[in-house]
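Use these hints to put chains Y and H onto chain E, whose structure you have.
Protein chains in written order, with numbering that gives the first Met the number 0: chain E, 0 to 982; chain Y, 0 to 89; chain H, 0 to 202.
It cannot be assumed that every hint is accurate.
[Stated by the list, open to error] Derived CB-CB ranges, DEER-like:
1. H:ALA47 - Y:VAL23: 30 to 38 Å
2. E:ARG13 - H:SER22: 25 to 33 Å
3. E:THR555 - Y:THR71: 28 to 36 Å
4. Y:ALA9 - E:ASP476: 27 to 35 Å
5. Y:PRO3 - H:ALA47: 25 to 33 Å
6. E:ASP766 - H:ARG201: 34 to 42 Å
[Claimed, not checked] Sample of chain E residues with no beta-carbon within 10 Å of chain Y, all distances over it, derived:
7. ASN79
8. GLU86
9. THR537
10. VAL574
11. PRO620
12. ARG838
13. ASP896
[What the hints assert, rightly or not] Output of the computed footprint for chain Y on chain E, the stretches with three or more beta carbons under 8 Å from beta carbons of chain Y:
14. 245-255
15. 726-738
16. 867-878
Hint data in this document are derived by calculation from the structure and do not stem from the laboratory. Ideal Cβ placement from N, Cα and C applies to all residues, glycine included.
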Amino acid sequence: MSRLLHGGLVDRSRTLSFSFDGATYRGHPGDTLASALLANDVRLVGRSFKYHRPRGIVSAGSEEPNALVELRMGARREPNTRATTVELYGGLIAASQNRWPSLAFDLMSANQWLSPFLGAGFYYKTFMWPSALWEKLYEPVIRRAAGLGRAAGRPDPDHYEKANAFCDVLVVGSGAAGLAAALAAGRSGARVILAEEDFRLGGRLLSEFTNIGDGPARDFAAAAEAELAGLPNVRIMARTTVFGAYDGSTYGAVERVGDHLAVPAPFAPRQRLWRIVTQRCVLAAGAFDRPIVFPGNDRPGVMSALALATYATRYGVSAGQTAAFFVNNDHAFAAALDAADAGVEVEAIVDVRPDPALAARAEALGVRVIQGEVVATSGKRLSSVTVRTAKGSETFKVEALGVSGGATPNLNLTTHMGGRPTYDEALCAFVPGALPPGMTVAGAAAGAFPLQECLDTGARAGAAAASDLGFAVPRPDVPRAEGAPAGISAFWHVEAPGGFAFVDLQNDVTAKDVALAHKEGYRAVELLKRYTTLGMATDQGKTSNTAGLAIMAHLTGRSIAETGVTVFRPPYTPVAMGALAGHHRGKDFRPTRPTPTHRWAQEQGAVFVEAGFWLRAQYFPQPGENDWLTSVNREVKAVRESVGVVDASTFGKIDLQGPDAGRFLDRVYINTFSTLAVGKARYGVMLREDGIVMDDGTSARLADDHYVMTTTTANAAKVYQHLEFCLQVLWPDLDVQLASITEHYAQIAVSGPRSRDVLVKVVDGADVSNAALPFMGVLETTVAGGIPARIFRLSFSGELGYEIAVPSGRGEALIRAIMEAGAPYGITPYGTETLGVLRIEKGHVSGNELNGQTSARDLGLGKMASTKKDYIGRVLAGRPAFLEEDRPIFVGFRPLDRTQRLRAGAHFLAVGAEPTTANDEGYMTSVAFSPTLGHSIGLGFLRNGQKRIGETVRAYDPVRGGDIAVEVCDPAFVDPQGEKQRG
Amino acid sequence: MRIPCPYCGARDAHEFAYLGDATVTRPDPAAPDALDTFSAYVYERANPEGPHDEFWYHAAGCRRWLKVTRNTRTHEILAVAFARAEETTP
Amino acid sequence: MADMLADIAPTALLPDGHYGAPSEGVRARLLPGGSAASLVARRGAAAALAARFAEAGLVLPAGPKAAAAAGVTLVGTGPGRWLAFADDVGVLPGRILPLAQGLAAVTDQSDASLMFEVSGPRVRPALAKGVMVDLDPSAFGAGDAATTTVSHVNLTFWQVADTPAEAPAFVFAVPRSFAPAFLRWLAASAAEFGFALSGAGRG
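If we strip away everything but chain E, and leave its shape as in the complex, we get (with noise of 0.2 Å):
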């Protein structure tokens, strides 16, 4: 056991029991996995990503790079967690990921000894040839040996949600300067929320041992966190990453509510994404501690220095019976003593500067100082480093070694907007540059790294924030912190003979790859990136990118600023997929909407198919049908022969009044409005104003100031939209009002040469005689026991027919009234798939032909063209290519021979032509098996069509197979004079 006899803020009186590849191993509340897997001695925790070379942990944070883990079992199993952040929780089981057959032999190591071929560009340089071998060899070779964990294959048993948060100054991080933050803009009454992506508030407090006013800094963490949690505007959120900056000073933020828990609690969530709205934000996100880059740098026990002291101060852990430091600062030192005062045993600090500040305090804990580099490591565990001094080289045992190269300001946040870093020689870091506006940047993250500094800067940082909103901020009582040495001497790379000197961990980028990327002329900090994969994968080169650069720049002879750095994308850490779904996966996936009539459908045993968010009736089997067809033409047949019903609920429906609604109509509409009598209803084409068509549908004249219009299912939305925009945008002049009433209404069809007997049965005395309620008439009544209702002599079918709009909560009710009354006729509900058919038979345009690429002549709806009134797209829809004679027009075909099935997407060739582009006349849109007429139909647009009826030509459809004769007819199959439908 590598536990510490005392200190720590884990609750030794508690034990937790968890596993780890198989193995049983105990830890204490408090602890994170990686700081439990090293107090029960395990230092080997996952394989490299290209060379699986056994990796230890190297980081106390979300910078982790290496300790990489699978968490859970099963359907929970979730790959690629950060062993550093993971909080324990009794049964945890974990396992390290990337290896094969086992995590202490990995065949999969073999590829280091292939590294003179695997290095930067490898995939570039060597799979580009063949290219055949792509899909068969190399892909599933690299899929198994490179990459990170397996995802769970199953679906996840939890939830997630989304949730919305606002509030006027948003602190991130709760380290120093967040803590002094968010109390200085608490206590000025504005409303704050401190997000902590820990477990426990304080960040670095908690792990050195340093003083702020006359104690302790973690008191001064745990008073800071009990003030502000009594103040009621001020909502602390730990476990709560925020992990991007987006326009509208908004920020995304996943609170892991359940992930420090086996299973989530009854009916809470496992994690809650978080939309913040903020006016503004003080970034207090701490620095990262970054490594050295020196031969063997990744054995595992080779860590962060200031992970090594945290191990020590916050979890009462040796990283190794014996430790080392390997330092070129004054914070990294500092940590090293803290380290030795919880009990670690320090061999020796390697500090590349002669004379550190805190030399003398070493050695007044027995601690040697050697002035040096370490220069080679060994052992599968860390057990030996070398280090070369002035005098030559010395090899001494020892278990861990902390490295530090300086502190990296944490400032992903104030990248996502464009912001570029800018590079500070003095602090030897890389300090945040233009922010996004609403923030500030406060403490380490602004590269003020003394913790003075922290709380000063972060004070100033909140009271600022809650000033700027117009909040009394009391006078700042910033406490004094101990004052501390902050003296670096920039150091990157230790140049030594020997083996791997690893840049970036998790991606296996060493320095030589930094060299080969410049050799190769991939020098610009972008290409770097990409060429060497660099501050890629889960960690986005948290700890690595700055020593990578550094190294780019000593290669090129520029200094770190002129040779810049990448930036960083949200997320700052990964987001779980379901996190970012929240409630819509499953059956809410996207809202469900049943037409009026669904609850009746289900009981007729309706097939239900989606329509955009509604769900609607496809057709309903009866007992002894097989096959969609088998029902479908029989409904056919029944609405032709006798009477059918379907709900027609979902098509847009929108009430116009005012003085000006005729003009308007005529302004949109391709045909005219304003002369149509009261009580009458017309079809009507409206263009976009490119020319195409936009959406067909009827309206009606209810009053001479009132009209009522339906446009299509799919555009309902859109349409409302554009007729807002002519009349807020292009005539504000007109008196015109709009209300959608398309929820308001169920709307009911009856179709077939019997539907006036079954309407007259429905209404309640009113005279629906073909005299008094003619073609395409509108007639205000009450129906079914004095149900209020329009009916409009309407046909899509091309039969008799009615539509019937009662308010929506009675739309059950008349289709049952309805199927009554029908009974006698052998009335046939029926649904989207016979409606089809109907319509196809009959030749009308639907959504196929609305495709966004037709004008009203290429649909044969040119003459409805009024030529008397200007009408949106009338300009363009005569523009010469819009009127050339060879353009596709709509026409309908039929097989040559008869028993030939025609598919749309079909496109047509004259008989003989090659099948080429060139000879491409025009293609396929809908086609049906049409019961009534016993064979296969088609829709389609062809090349002068109108004009070529009784041609042959060829569907050619390749894609299927098909290769068929057909002949050009009118689009009209059924009663082309229209005559049923006024009878």
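Coordinates of chains Y and H only, in the frame set by chain E:
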């Protein structure tokens, strides 16, 4: 992105539908060169960098068409007004 | 948790009952059907319309607010646009229609929406899971209304006029065909606080 709707208050951009350039005006359809002017009106668009007047429709809110001045570089919203001038008061 | 709704068809309202945790953090009640209408002022007539309503003792709010008087709740949904709700089905045709005569288009919307009153000690955190409007008492109080989108459902809601900040009740006017989806979202969002649904019968 958030758009401060003059009626509803600041709302997330996904409540709005975008149309585009609000500096163009529907030409006179009776003019002899209408085909040319309509072609330009429908198809020709500048792609300015910086402040740009655009039409946005508050589809999920008040259903008003808005004229929004947006900085195309930063997405900063500089001004918002109802497209129909008379609607300056609710 | 997703299991709670897995066996309930998305095409009907959730049935009355208790969902989620045993507590009653959130309550929703489907209000009995009354009548509703949209009012859209004729061009330039909004002020005259408001004045005529004021004479009749009714308030047409100037902005996204809900005002209740004389058995009618009038909710601002846009410039010159309101929704009117009344429990008594005679009120709108009998009172509002004549008042609006010549100054506004009145359209019957009685069946367009289902009305849910949502309340309870945890109502705000539950609603925050879909409502993208700030519901903090400092930003949204009694009588405030919003037309917005909640979990893909476009709707209008308001905080009932006489409900205090510490125990608010909200009324959601939900388009009828979207009401099942709305309730599923609400039940899922309120489940961790305990959710009691009434008024929807057997769904």
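Against the structure, the hints:
1. Against the hinted window of 30 to 38 Å, the Cβ-Cβ separation of ALA47 of chain H and VAL23 of chain Y comes to about 34 Å, which satisfies the hint.
2. For the hinted restraint 25 to 33 Å between ARG13 of chain E and SER22 of chain H, the CB-CB distance of approximately 28 Å keeps it satisfied.
3. A C-beta distance of roughly 35 Å is found between THR555 of chain E and THR71 of chain Y, which places it inside the suggested range of 28 to 36 Å.
4. Our hint of 27 to 35 Å for ALA9 of chain Y and ASP476 of chain E holds, since their Cβ atoms are close to 34 Å apart.
5. Our hint of 25 to 33 Å for PRO3 of chain Y and ALA47 of chain H holds, since their Cβ atoms are close to 29 Å apart.
6. Taking the beta carbon of each, ASP766 of chain E and ARG201 of chain H are about 40 Å apart, inside 34 to 42 Å as hinted.
7. With a closest Cβ-Cβ approach of about 30 Å to chain Y, ASN79 of chain E is found to remain outside the 10 Å limit, as its non-interface label requires.
8. At the 10 Å boundary, the C-beta of GLU86 of chain E stays outside the reach of chain Y, the nearest C-beta of that chain being 32 Å off.
9. The beta carbon of THR537 of chain E sits about 28 Å from the closest Cβ of chain Y, which is more than 10 Å, so the claim that it is off the interface holds.
10. In this structure VAL574 of chain E is separated from chain Y by more than 10 Å, as the shortest Cβ-Cβ distance comes to about 18 Å.
11. For PRO620 of chain E, the condition that its CB be more than 10 Å from all CB atoms of chain Y holds, with the nearest at approximately 38 Å.
12. The Cβ of ARG838 of chain E lies farther than 10 Å from every Cβ of chain Y, with a closest approach of about 30 Å, so its non-interface assignment holds.
13. ASP896 of chain E, annotated as away from the interface, keeps every beta carbon of chain Y farther than 10 Å; the closest lies near 45 Å.
14. For the stretch 245-255 of chain E, the stated coverage by chain Y is satisfied: 5 residues place a CB nearer than 8 Å to a CB of that chain, which reaches the threshold of 3.
15. Coverage of the stretch 726-738 of chain E by chain Y holds in this model, with 5 residues showing a Cβ closer than 8 Å to a Cβ of that chain against a need of three.
16. Counting residues of the stretch 867-878 of chain E whose beta carbon lies closer than 8 Å to any beta carbon of chain Y gives 6, which meets the minimum of three for the stated coverage.
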